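Protein chains: 4
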Amino acid sequence: MDKELIVSWMEAGMIQVPNLLLRKYKEIGLDEKDLTLLLHICTFIESGNGFPTPEQLAERMTVGSDECSGMLRKLVQMQLLSIEEGISEDEIHFEKYSLSPLWLRLADELKFEKKQDDLKNTMHEES
Amino acid sequence: MDKELIVSWMEAGMIQVPNLLLRKYKEIGLDEKDLTLLLHICTFIESGNGFPTPEQLAERMTVGSDECSGMLRKLVQMQLLSIEEGISEDEIHFEKYSLSPLWLRLADELKFEKKQDDLKNTMHEES
Amino acid sequence: MDKELIVSWMEAGMIQVPNLLLRKYKEIGLDEKDLTLLLHICTFIESGNGFPTPEQLAERMTVGSDECSGMLRKLVQMQLLSIEEGISEDEIHFEKYSLSPLWLRLADELKFEKKQDDLKNTMHEES
Amino acid sequence: MDKELIVSWMEAGMIQVPNLLLRKYKEIGLDEKDLTLLLHICTFIESGNGFPTPEQLAERMTVGSDECSGMLRKLVQMQLLSIEEGISEDEIHFEKYSLSPLWLRLADELKFEKKQDDLKNTMHEES
Chain A
30 MDKELIVSWM EAGMIQVPNL LLRKYKEIGL DEKDLTLLLH ICTFIESGNG FPTPEQLAER
90 MTVGSDECSG MLRKLVQMQL LSIEEGISED EIHFEKYSLS PLWLRLADEL KFEKKQDDLK
150 NTMHEES
Chain B
30 MDKELIVSWM EAGMIQVPNL LLRKYKEIGL DEKDLTLLLH ICTFIESGNG FPTPEQLAER
90 MTVGSDECSG MLRKLVQMQL LSIEEGISED EIHFEKYSLS PLWLRLADEL KFEKKQDDLK
150 NTMHEES
Chain C
30 MDKELIVSWM EAGMIQVPNL LLRKYKEIGL DEKDLTLLLH ICTFIESGNG FPTPEQLAER
90 MTVGSDECSG MLRKLVQMQL LSIEEGISED EIHFEKYSLS PLWLRLADEL KFEKKQDDLK
150 NTMHEES
Chain D
30 MDKELIVSWM EAGMIQVPNL LLRKYKEIGL DEKDLTLLLH ICTFIESGNG FPTPEQLAER
90 MTVGSDECSG MLRKLVQMQL LSIEEGISED EIHFEKYSLS PLWLRLADEL KFEKKQDDLK
150 NTMHEES
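First to last, the sequence lines map onto chains A, B, C and D. For reference, each letter of the first sequence is one residue, going 30 to 156 in the numbering used here. For reference, each letter of the second sequence is one residue, going 30 to 156 in the numbering used here. For reference, each letter of the third sequence is one residue, going 30 to 156 in the numbering used here. For reference, each letter of the fourth sequence is one residue, going 30 to 156 in the numbering used here.
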């Protein structure tokens, strides 16, 4: 039994969360519920469900599905989450969430941070 | 500039979050703030700071340091977080957080889940 | 352009490699080519292709597809890799690789290591 | 005992390997031994040892320490690995490996790949 636990653990999988997201979510206007919602979307995408419903998401959270819908709408409006449309191989129209806008936003934050650092270093050297 | 962004991104690092934690935090009595606090502790430990203060943790969160202290206390009481004491090489007493109790608890949940599944399968075969 | 590189980087994804595998592959009788082959299988599985051909695997490696076939056979014989069969939803028979035997084997190594440590500690305390 | 295995497993840790590295190492002139050496350096850095000796690296590999030294030299010459020098807080001079050149190189490959794709799409649209 015991060793099989390791197998189940590995099979349950992990998601990778950029430290940058943890360090910056507050600065970009998110709270802990928003962050967790984004992580849930991540795990659904990885497990092959690219467009989980608010009900599916809320089931794992301490919020109701209505609040969850509202949060999803807000994240889309804030341009941190997008919904992509496509046609699958068997010609069925589908929608799926994309976290690309979030990574772009974090890249912006990183760029800004580096510029600030460079500026500080320049001023330091000049003085 | 642009390629260096990838380097900064890689150097900022990532933490691995077991999908199991995301699927089960609600069941074991945690909410999104508690979960996020645990993730913050994770990143502090990985970056070499094993015992971040409530102030350091609260700075990245949408909660004050008093609320953060209370949450830490609660997590220790719930036996999901522990504080380990030790003596460093240069004989200085130190404390650090350990997430071992959390992994143990998730292992319990996984075991229970497997037992339920086995039971279901047995009943299914017998009927 | 530059920020989009981060998005492509994130979308290309990462696999998680247990440090234990890196520390132990030699002890369990593998060399660097075997290890890399296992990692390739990992990425194929994650990208949705659970049964890559020796040709697909060899294309990314500095070995030919014949050598690759031989390595796969060896890994199965060593009981570090298994092939699972199943029937898909649309009633098609399929095969896929499973790395469960590898994780089981590493769990064994870990157990053995812990036992040795415990023994050492006991002997130390008694002397 | 059994559940503690999960704790040991988590504490042993994981490293994240970009899928891009697995897909491209052959194209950038590396073989499986080079790749594995880079992964070993990764785990040493993460565990706090930024400058493992060829002996420490070779111990985990199926190569001798002389061959390992040669491989390290080659990786530095290929500008995929660099050695950074610094002064620690207690004024001790130190050296450490950096994988930044590798990530830069992979970013280059990614950029080139995207350019090719864009070109293909443009030609496709025009025809």
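For the record, the hints were derived by calculation from the structure and aren't laboratory data. Keep in mind that a hint or two might mislead.
Unchecked claim - In silico negatives: residues of chain C with every beta carbon more than 12 angstroms from chain D: (1) Pro47; (2) Leu51; (3) Tyr54; (4) Asp60; (5) Glu61; (6) Thr65; (7) Gly79; (8) Met107; (9) Asp137; (10) Glu142; (11) Met152.
To be verified - Reference excerpt, derived from the structure (chain A facing chain B, CB under 8 angstroms, subset only): (12) Lys32; (13) Leu34; (14) Pro47; (15) Leu86; (16) Arg89; (17) Thr91; (18) Gly93; (19) Ser94; (20) Lys125; (21) Leu139.
Fair warning: this is a prediction, and the values are worked out from it, not measured in the lab. Where is the CB? At the ideal position from N, CA and C, for every residue including glycine.
Each hint, compared with the structure:
1. Pro47: violated, 5 angstroms
2. Leu51: For Leu51/C, whose nearest Cβ neighbour in chain D is about 5 angstroms away, the distance does not exceed 12 angstroms, so it is violated.
3. Tyr54: It is violated; Tyr54/C is separated from chain D by about 8 angstroms at its closest Cβ, not greater than 12 angstroms.
4. Asp60: violated, 5 angstroms
5. Glu61: violated, 4 angstroms
6. Thr65: Incorrect as stated: the minimum Cβ-Cβ distance to chain D is 4 angstroms, not above 12 angstroms.
7. Gly79: At about 16 angstroms from chain D, Gly79/C clears the 12 angstroms cut-off, so the statement holds.
8. Met107: The claim holds: Met107/C sits with its nearest Cβ about 15 angstroms from chain D, beyond 12 angstroms.
9. Asp137: violated, 10 angstroms
10. Glu142: violated, 8 angstroms
11. Met152: The claim holds: Met152/C sits with its nearest Cβ about 19 angstroms from chain D, beyond 12 angstroms.
12. Lys32: violated, 12 angstroms
13. Leu34: holds, 6 angstroms
14. Pro47: The hint holds - Pro47/A has a Cβ within 8 angstroms of chain B, the shortest such distance being about 5 angstroms.
15. Leu86: Not OK, violated: Leu86/A not within 8 angstroms of chain B, min 11 angstroms.
16. Arg89: This interface hint holds because 6 angstroms falls under the 8 angstroms limit.
17. Thr91: At about 5 angstroms, which falls below the 8 angstroms cut-off, the nearest Cβ of chain B leaves the hint on Thr91/A intact, so it holds.
18. Gly93: Cβ of Gly93/A sits 13 angstroms from chain B, so the hint is violated.
19. Ser94: With a minimum Cβ separation of about 14 angstroms from chain B (threshold 8 angstroms), the hint on Ser94/A is violated.
20. Lys125: It is violated, given that the least Cβ distance between Lys125/A and chain B is near 19 angstroms, above 8 angstroms.
21. Leu139: holds, 5 angstroms
Figure legend: structure checked against the earlier numbered hints; hints not met, in rising order: 1, 2, 3, 4, 5, 6, 9, 10, 12, 15, 18, 19, 20.
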